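Participant: Given next are the chains, with one letter for each unit.
There are 2 protein chains.
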Amino acid sequence: MKASIITIGDEILIGQIVDTNSSWIAQQLNLAGIWVHQMLSVGDEEAAIQQALRDGLADADLLVFTGGLGPTKDDITARTFADFFECPLVFDAATYDHICRFFERLGRTAGEAHRRQCFLPEKAILLPNSMGTAPGMWFDHQGKVVVSLPGVPYEMKSLMEKEVLPRLRQKFNIQAVVHRTILTAGEGESRIAERLEVFENELPPFVKLAYLPNLGQVRLRLSAKGNDLQLVQQVVQDKTQELINIIPDLVFGFDQETLETVLGQLLLDNNLSLVTAESCTGGRISHTLTSVPGSSAYFKGALVAYSNELKVNHLGVSAQTLAQHGAVSEATVVEMVKGALHAYQSDLAIAVSGIAGPGGGTPEKPVGTIWVAVGNQHYVATQKLQLGKDRMLNIKFTTTFALNMARQFVVKHYPASQP
Amino acid sequence: MKASIITIGDEILIGQIVDTNSSWIAQQLNLAGIWVHQMLSVGDEEAAIQQALRDGLADADLLVFTGGLGPTKDDITARTFADFFECPLVFDAATYDHICRFFERLGRTAGEAHRRQCFLPEKAILLPNSMGTAPGMWFDHQGKVVVSLPGVPYEMKSLMEKEVLPRLRQKFNIQAVVHRTILTAGEGESRIAERLEVFENELPPFVKLAYLPNLGQVRLRLSAKGNDLQLVQQVVQDKTQELINIIPDLVFGFDQETLETVLGQLLLDNNLSLVTAESCTGGRISHTLTSVPGSSAYFKGALVAYSNELKVNHLGVSAQTLAQHGAVSEATVVEMVKGALHAYQSDLAIAVSGIAGPGGGTPEKPVGTIWVAVGNQHYVATQKLQLGKDRMLNIKFTTTFALNMARQFVVKHYPASQP
Chain A
33 MKASIITIGD
43 EILIGQIVDT
53 NSSWIAQQLN
63 LAGIWVHQML
73 SVGDEEAAIQ
83 QALRDGLADA
93 DLLVFTGGLG
103 PTKDDITART
113 FADFFECPLV
123 FDAATYDHIC
133 RFFERLGRTA
143 GEAHRRQCFL
153 PEKAILLPNS
163 MGTAPGMWFD
173 HQGKVVVSLP
183 GVPYEMKSLM
193 EKEVLPRLRQ
203 KFNIQAVVHR
213 TILTAGEGES
223 RIAERLEVFE
233 NELPPFVKLA
243 YLPNLGQVRL
253 RLSAKGNDLQ
263 LVQQVVQDKT
273 QELINIIPDL
283 VFGFDQETLE
293 TVLGQLLLDN
303 NLSLVTAESC
313 TGGRISHTLT
323 SVPGSSAYFK
333 GALVAYSNEL
343 KVNHLGVSAQ
353 TLAQHGAVSE
363 ATVVEMVKGA
373 LHAYQSDLAI
383 AVSGIAGPGG
393 GTPEKPVGTI
403 WVAVGNQHYV
413 ATQKLQLGKD
423 RMLNIKFTTT
433 FALNMARQFV
443 VKHYPASQP
Chain B
33 MKASIITIGD
43 EILIGQIVDT
53 NSSWIAQQLN
63 LAGIWVHQML
73 SVGDEEAAIQ
83 QALRDGLADA
93 DLLVFTGGLG
103 PTKDDITART
113 FADFFECPLV
123 FDAATYDHIC
133 RFFERLGRTA
143 GEAHRRQCFL
153 PEKAILLPNS
163 MGTAPGMWFD
173 HQGKVVVSLP
183 GVPYEMKSLM
193 EKEVLPRLRQ
203 KFNIQAVVHR
213 TILTAGEGES
223 RIAERLEVFE
233 NELPPFVKLA
243 YLPNLGQVRL
253 RLSAKGNDLQ
263 LVQQVVQDKT
273 QELINIIPDL
283 VFGFDQETLE
293 TVLGQLLLDN
303 NLSLVTAESC
313 TGGRISHTLT
323 SVPGSSAYFK
333 GALVAYSNEL
343 KVNHLGVSAQ
353 TLAQHGAVSE
363 ATVVEMVKGA
373 LHAYQSDLAI
383 AVSGIAGPGG
393 GTPEKPVGTI
403 WVAVGNQHYV
413 ATQKLQLGKD
423 RMLNIKFTTT
433 FALNMARQFV
443 VKHYPASQP
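Protein sequence lines correspond, in order, to chains A and B.
FYI, the numbering for the first sequence is 33 to 451, going by our numbering.
FYI, the numbering for the second sequence is 33 to 451, going by our numbering.
Careful, some of the hints might be misleading.
It does not matter which identical chain is meant; a pair holds if it fits inside one copy or across any two.
[What the hints assert, rightly or not] No more than 25 Å apart at the CA atoms, straight line, and that leaves these computed lysine to any residue pairs for SDA-like: (1) 203 x 137; (2) 271 x 245; (3) 257 x 46; (4) 271 x 340; (5) 370 x 69; (6) 271 x 370; (7) 189 x 50; (8) 176 x 87; (9) 155 x 323; (10) 271 x 323; (11) 416 x 220; (12) 370 x 242; (13) 428 x 139; (14) 271 x 410; (15) 444 x 117; (16) 34 x 87.
What the hints contain is simulated information worked out from the structure, not anything from laboratory work.
Predicted, not measured: the structure shown is a model, and the values here were computed from it.
Hey, can you work out the whole structure from these sequences and the hints?
Facilitator: Structural data, given as structure tokens:
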């Protein structure tokens, strides 16, 4: 079963708002086993909506429209649908009654624009909208279905969940689709693809593998489709395990997890505290760690030592080390780790020092030279990165790298994190 | 001139990622005076890409594709384009050379997948991608243009700005469009709209004002279109000055400036140093300040005191203050400012303490209660915020608020920043 999602609204075409509705609807349809084969955004124009209806019904079994409903006069969706399905607009008293009561609860009264909004295509099955004024519309058309929903996200979601999805499940006999996303860090897309080449070539035709790279991380998505849900689930589970066995060193989590949530859980499991001592990342690692709710249970804080003075006075980096090796050196990040562990009484510390750019490079230490260290009282692991010239990319990549290095350090040195 | 934006990628159709590329491209094309009449997302499938090319070229003068380029074998875009434009795929040595050097800088070597990626349609003008491996492609086709860009946002943006937009301006005779964005902080969209109502109503019909609100800031964009570039520029300049005169208290900069660049320049002009002492913002203010190249000239560092222990031991907040007023209080942020000024020998300090959420609230101090302070040796300004329950929104809004408060503090207390 094929579906197409169509968004109506000039505000999307001028880039004023990002369409997040389509993505959410696609997730819901996929989970219901309905394949979304395209998404389309068109303007508030009769001809564009007509064409979307015509082309959409030629290709797909289900069209889900959002937007273009509501009290303002540039909303022409209802009229266009009535024309397309060759039926009149008729006044729906129940909708008007709902709108009047809706405004009453807000201490306001419905206006003329809201009355106009109640003239709806006669062939539409109206879907009651408990969160707003415009009802959804459902059209049965030659064995296919066209649905039109308001563009306000919470109204749309409520209508999808309460009205549209139950009706779709009832009407169509739907194939099962199962997805699993495996999260990796530490290697680029192409190196992973090389290691997975045989695995990928031997996947059954109803299972697909996709690569989703992003700044030091690659998400691997396994998807399978079939009539037997249990079988499909089993295949995805087996293939996920096979995949992990090929690249166990790279996999850090699944689906909605992140490096910072996974690392946080490892710290909790091992009852460990963490601090960061950051130079060129400027607090980005600390910010990323503290974006997780509840992170105060394991994260004590950070010193962003942007000046050498702070490195010496507050992290105990020796002036001699700075003079001999420079602030961007293995010796400096090791002393930063030790100083941070001591100053902030933490079990673990991450330290970073580097040249984020675009200025500040030298022939020996060009822009993008960055040292990262992770350590506890007994061990300090260090790593040198040689990145590019883009400041923000360097900061973000280094943040990912440092978090992954901390994760590996905990897995290696603390038994509670062993599987 | 009509354009269509087409995104290729299964990850969008299953709702795994939200397509933000199309919105950004639409903004850029609109600013260049090109009308985007539709956006489309299709899967990684030859037939779907072919149909998008066919339908797109029937309707529009310009097609901008993103996604579907890269080293993994599920990328079939280059092959499909070669078929559509009836030309062979040929090996491009310059692209391969670029990829090899790209990986060299990362201390890695290009693999077989990258070599395969260098077979590109013979009719494509290749657009060099300084941020990644896959070049952009430009096709001239019967007076129309088809562009294909990688889907990684920063690679796509760099190619649009450096290659695609300049070529479009050169190729098509586009009406002069002049934009000026006035940046404000400190008031919401509707309050600003009230103060600008008369101004807006009296704008000539070829000048438009748009409100672009974003987390504590509102960008006001004046746009004018016309055949006489000089006249259009003059009108935008005059209207910009008129607008500033109505809301001088809210305007902090223009166009590509940001609160952090404007504040940085004020600190430089006054030869001032700055540190931050952050609790609930977790390093976000420090990260934002250090995202500016050259910020080490005025930013000395930050202490993220996520635990009370760090507030007491490293910022000198008294245990009595914490016991009596709590960590989220005016007294605490004032002591954090004073402690940070002293500990890090800085001219100015910003301090923040609050409950970012979603947990941790109490009836007296619900989630979203946040205290901000900015001060020097003589004065400390404080402000209480009462925000919502969303952790990331609270962190981002507070960061903007604190930076604007620091800007206002410098403007008020240091004469070199007076106009």
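Participant: Within a copy, between copies, both or neither: which one fits residue 428 and residue 139 at a CA-CA cutoff of 25 Å?
Facilitator: between (36 Å within a copy, 18 Å between copies)
Participant: Since the copies are identical, ignore which copy is meant and state whether residue 34 and residue 87 lie within 25 Å (CA to CA) inside a copy, between copies, both or neither.
Facilitator: both (13 Å within a copy, 19 Å between copies)
Participant: Between the shortest in-copy and the shortest cross-copy C-alpha distance, which are at most 25 Å for residue 271 and residue 245: within, between, both, or neither?
Facilitator: within (20 Å within a copy, 45 Å between copies)
Participant: One pair to classify: residue 370 and residue 242, alpha carbons no more than 25 Å apart. Within, between, both, or neither?
Facilitator: neither (42 Å within a copy, 52 Å between copies)
Participant: My question is about residue 176 and residue 87: at a cut-off of 25 Å on alpha-carbon distance, are they close within one copy, between copies, both, or neither?
Facilitator: both (13 Å within a copy, 23 Å between copies)
Participant: Cα distance capped at 25 Å. Does residue 271 pair with residue 323 within a copy, between copies, both, or neither?
Facilitator: neither (32 Å within a copy, 41 Å between copies)
Participant: Is it within, between, both, or neither for residue 257 and residue 46, if the alpha carbons may be no more than 25 Å apart?
Facilitator: between (36 Å within a copy, 13 Å between copies)
Participant: Between residue 370 and residue 69, at a C-alpha cutoff of 25 Å, which is it: within one copy, between copies, both, or neither?
Facilitator: neither (54 Å within a copy, 59 Å between copies)
Participant: Is the C-alpha distance from residue 416 to residue 220 at most 25 Å within one copy, between copies, in both cases, or in neither?
Facilitator: This pair counts as within: shortest intra-copy Cα distance 17 Å, inter-copy 45 Å.
Participant: Please work out whether the CA atoms of residue 203 and residue 137 approach to 25 Å or closer within one copy, between two copies, in both situations, or in neither?
Facilitator: Classified as neither; 35 Å inside a copy, 57 Å across copies.
Participant: Between residue 271 and residue 410, at a C-alpha cutoff of 25 Å, which is it: within one copy, between copies, both, or neither?
Facilitator: neither (39 Å within a copy, 65 Å between copies)
Participant: Checking an output row: residue 271 and residue 370, CA cutoff 25 Å. Within, between, both or neither?
Facilitator: Result: close neither inside a copy nor across copies, 43 Å intra and 58 Å inter.
When each numbered hint is compared with the structure, violations occur for hints 1, 4, 5, 6, 9, 10, 12, 14, 15.
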